[in-house]
Amino acid sequence: MLEPVRTMLLRAENIRMAFGGFLAVADAGLEVAEGEIVGLIGPNGAGKSTFFNCLAGDLKPSAGRVLFEETDITEASPEAHAALGIGRTFQVPATFEEMTILENVMVGAFLRHPREKEAREAARRALALTGLDRLAEHKAKSLGTPGRKRLGIARVMATEPRLVLLDEALAGLNPAEIRQAIELVRVIHRSGVTLVIVEHIMEVILTLAERIVVFNEGRVIAEGKPREIVNDPAVIDAYLGRSHARRAHQP
Amino acid sequence: MPRKPIIGWLALAAVLIGFPLVFTGAYYEQLAAFVILSAISASAWNLVGGYAGQVSVGHAVFFGAGAYMPLLFYKLWEASPLLGFPAGIAVSVVIAVVIGVPTFRLSGHYFSMATIAVAELIRILVSDWDFLGGAIGLMGPATSRGWWDLVYRSSVPYYYIFLAVLAVLLYITHRMERSRLGYYLRAIRAGERAARSLGVPVSRYKLYALMLSAGFTSLAGSLYAVKFGFVDPGSTLGILVSVQMVVMAALGGAGRLLGPLLGAIILVPLQTTTNTFFGGAGTGLAFILYGGIIMLLSRFEPGGLLELWERYQARREARMAKERALVGAGEDHAA
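Same order as they appear, the protein sequences are chains A and B.
Adding 6 to a residue's 1-based position in the first sequence gives its number in this note's numbering.
Adding 1 to a residue's 1-based position in the second sequence gives its number in this note's numbering.
Derived from the structure by calculation, the hints contain no laboratory data.
Be a bit skeptical, because a hint or two may be false.
Each pair of labels, with its calculated beta carbon distance range [as the list claims (entries may be wrong)]:
hint: 1; chain 1: A; residue 1: Asp33; chain 2: B; residue 2: Ser180; range: 45 to 51 Å
hint: 2; chain 1: B; residue 1: Ala319; chain 2: A; residue 2: Gly198; range: 41 to 47 Å
hint: 3; chain 1: A; residue 1: Lys123; chain 2: B; residue 2: Arg205; range: 22 to 28 Å
hint: 4; chain 1: A; residue 1: Glu234; chain 2: B; residue 2: His175; range: 55 to 61 Å
hint: 5; chain 1: B; residue 1: Tyr111; chain 2: A; residue 2: Pro181; range: 56 to 62 Å
hint: 6; chain 1: A; residue 1: Lys123; chain 2: B; residue 2: Tyr153; range: 43 to 49 Å
hint: 7; chain 1: A; residue 1: Asp33; chain 2: B; residue 2: Leu297; range: 52 to 58 Å
hint: 8; chain 1: B; residue 1: His110; chain 2: A; residue 2: Ala240; range: 17 to 23 Å
hint: 9; chain 1: B; residue 1: Leu309; chain 2: A; residue 2: Ala86; range: 48 to 54 Å
hint: 10; chain 1: A; residue 1: Arg233; chain 2: B; residue 2: Arg300; range: 58 to 64 Å
hint: 11; chain 1: A; residue 1: Lys123; chain 2: B; residue 2: Leu84; range: 36 to 42 Å
hint: 12; chain 1: B; residue 1: Gly192; chain 2: A; residue 2: Ala86; range: 16 to 22 Å
hint: 13; chain 1: B; residue 1: Ala322; chain 2: A; residue 2: Glu234; range: 55 to 61 Å
hint: 14; chain 1: A; residue 1: Gly178; chain 2: B; residue 2: Leu309; range: 54 to 60 Å
Quick list of in silico lysine-lysine cross-link-like pairs, BS3-like style, CA-CA up to 30 Å [what the hints assert, rightly or not]:
hint: 15; chain 1: B; residue 1: Lys323; chain 2: A; residue 2: Lys145
hint: 16; chain 1: A; residue 1: Lys123; chain 2: A; residue 2: Lys147
hint: 17; chain 1: B; residue 1: Lys5; chain 2: A; residue 2: Lys123
hint: 18; chain 1: A; residue 1: Lys145; chain 2: B; residue 2: Lys76
hint: 19; chain 1: A; residue 1: Lys145; chain 2: A; residue 2: Lys123
hint: 20; chain 1: B; residue 1: Lys5; chain 2: A; residue 2: Lys147
hint: 21; chain 1: B; residue 1: Lys5; chain 2: B; residue 2: Lys323
hint: 22; chain 1: A; residue 1: Lys147; chain 2: B; residue 2: Lys76
These numbers come from a predicted model, not from an experiment.
A virtual CB, placed ideally from N, CA and C, is assigned to each residue, including glycine.
Make the full structure from the sequences, and use the hints.
See the structure below:
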């Protein structure tokens with residue numbers, strides 16, 4: 007069966023990131039097609055978070071470049087990324103604590119809707135999408151970890167992005183919360199948003215991602231469909247361990 | 002429910018408009034005028050220090066620019082001090098850009114440090130500059146040549162002018178709270194990194210807030226100059242002027258519409274009393290008073306008195322709801 011031809015949305019080429027003498031990312035690249043869900047995995051310290059921050063504009067790589075629809079955005083600021091349609095969430099949800107949940111989301115909505123009334127309506131839509139609408143008038147600080155992660159997603163969705171970079175959106179959640187969060191990611195994907203997900207929880211990446219990129223020691227060591235990745239000897243050595251590979255083989 | 006805030010606003014307006022009619026006498030009138038003037042400068046500070054969370058400790062430089070300009074216009078050309086008002090605002094906005102553009106790119110306390118440094122530098126320069134009267138300062142017109150001189154014997158006309166300016170400033174602030182600028186400033190205060198990720202041009206919006214704040218602080222300085230008819234470096238450019246704005250806003254509630262007004266209503270009479278009792282030693286006492294307030298606030302109530310009140314209200318409502326639920330349960334049992 008032929009795969010439908012998809013346009014390239016994001017491309018990172020030969021990214022290298024050094025902090026003083028420490029090389030966090032040696033040489034890494036990534037291509038993301040419109041409509042894809044790409045997973046970024048790797049052991050702690052593999053450089054995937056640094057790479058991720060280079061994609062989001064939070065870090066400027068020492069070498070290499072990042073293209074969004076063939077426009078060079080390597081030097082662009084985080085706010086310029088948002089304006090272009092690249093949203094991101096944070097591993098530790100940086101909610102605006104003293105503002106209500108609705109107001110938090112409105113900050114994102116103002117990007118496309120400068121008038122307060124329209125921003126409020128757009129924010130309400132994002133809250134409905136993420137299932138937070140009932141809590142709209144509560145302060146953000148009243149939320150627990152799952153709620154905060156959800157708010158982070160609602161906020162970025164209010165910026166009406168084409169690509170969302172999810173930074174460990176599921177870390178710190180219990181199994182039931184993870185199932186709900188996975189469902190939320192699927193809803194967002196179905197709404198037409200392309201996703202790049204950094205995640206530690208292997209099962210999550212295997213269920214969600216269409217394609218997985220594996221990092222180790224600042225380099226991409228494997229790339230492919232989830233089934234290919236769990237069988238890749240290099241990946242098994244670096245990250246998964248033999249037992250996981252066996253489990254993945256079981257039907 | 003929607004009627005309640007309007008009643009509150011009308012009551013506040015009635016009290017402020019009626020105050021000089023009830024409390025007559027030069028002492029009360031002067032005190033009331035000074036309360037409103039302090040509320041203007043603290044509310045202006047609040048735009049950048051409260052809402053945007055960029056704590057300036059050098060707002061005296063804007064206050065001073067506003068205070069000197071009208072009297073400089075009078076000294077040079079015997080012009081109406083009113084003509085100096087826009088000049089003061091223009092100078093202040095330029096200084097705001099000069100301070101803001103380099104420091105707002107950096108995060109942390111660079112901005113606070115830069116504001117102190119610039120304000121002290123300018124105070125020292127002005128003290129040594131004969132063109133601006135040096136350490137002695139400048140005088141305004143002694144007697145009124147017409148309404149445009151804004152010279153009145155009584156404090157009451159000044160009180161109402163100040164009150165009108167405060168009303169305009171609070172109205173603008175209120176509108177800002179409900180606009181993109183207001184939301185962006187609060188987001189910047191809460192977390193710059195997250196704000197940027199949502200498309201907020203952080204340095205640009207901080208600069209807008211500082212420019213707006215500088216303009217209104219300058220206006221407060223100009224009003225001070227026409228009211229007192231004389232300015233000198235110590236009373237308009239000194240660090241105490243800046244600290245006073247910070248403490249008033251923080252005491253009432255920084256980043257809240259009425260916080261600075263509440264702070265001014267409490268602090269100005271307190272300060273005037275200490276000055277009356279201790280005379281020349283009062284200046285030093287003000288520092289001790291401000292230091293004490295800053296310590297108490299940062300230890301017990303960083304949100305200021307308005308937040309304390311809100312929390313008390315919330316607790317009371319929760320308790321009443323609980324009592325109602327208990328009474329309801331009791332009735333069920335009886336039935």
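field: Cβ distance range 56 to 62 Å for Tyr111 of chain B and Pro181 of chain A, holds or violated
entry: Because 45 Å falls outside the window, the suggested range is violated.
query: If you check the beta carbons of Lys123 of chain A and Leu84 of chain B, does the distance land in 36 to 42 Å?
result: With Cβ atoms ~40 Å apart, the hint holds.
Proposed proximity, Lys145 of chain A with Lys323 of chain B (alpha carbon, max 30 Å): Distance ~21 Å between Lys323 of chain B and Lys145 of chain A Cα, so the pair holds.
- prompt: Is the distance from the Cβ of Asp33 of chain A to the Cβ of Leu297 of chain B consistent with 52 to 58 Å?
  reply: 56 Å, holds
- prompt: Holds or violated: Lys123 of chain A with Lys147 of chain A, Cα cutoff 30 Å?
  reply: Holds. Lys123 of chain A to Lys147 of chain A sits at ~24 Å (cutoff 30 Å).
query: Between Lys123 of chain A and Tyr153 of chain B, does the C-beta distance stay in 43 to 49 Å?
result: 44 Å, holds
query: Does the hinted range 16 to 22 Å hold for Gly192 of chain B and Ala86 of chain A at CB?
result: For Gly192 of chain B and Ala86 of chain A the Cβ distance comes to about 19 Å; the hint holds.
- prompt: Is the straight-line distance between the alpha-carbon of Lys5 of chain B and that of Lys123 of chain A 30 Å or less?
  reply: 23 Å, holds
field: Supplied distance hint 48 to 54 Å, evaluated on CB atoms of Leu309 of chain B and Ala86 of chain A
entry: 41 Å, violated
query: Taken at face value, is the distance from the CA of Lys147 of chain A to the CA of Lys5 of chain B at most 30 Å?
result: This hinted pair holds, its Cα atoms lying about 27 Å apart.
message: Please check whether Ala322 of chain B and Glu234 of chain A have a Cβ separation lying inside 55 to 61 Å.
response: 58 Å, holds
- prompt: When you check the alpha-carbon spacing of Lys147 of chain A and Lys76 of chain B, does it fall within 30 Å?
  reply: 55 Å, violated
The structure fails hints 5, 8, 9, 14, 18, 22 (numbered hints given earlier, in ascending order).
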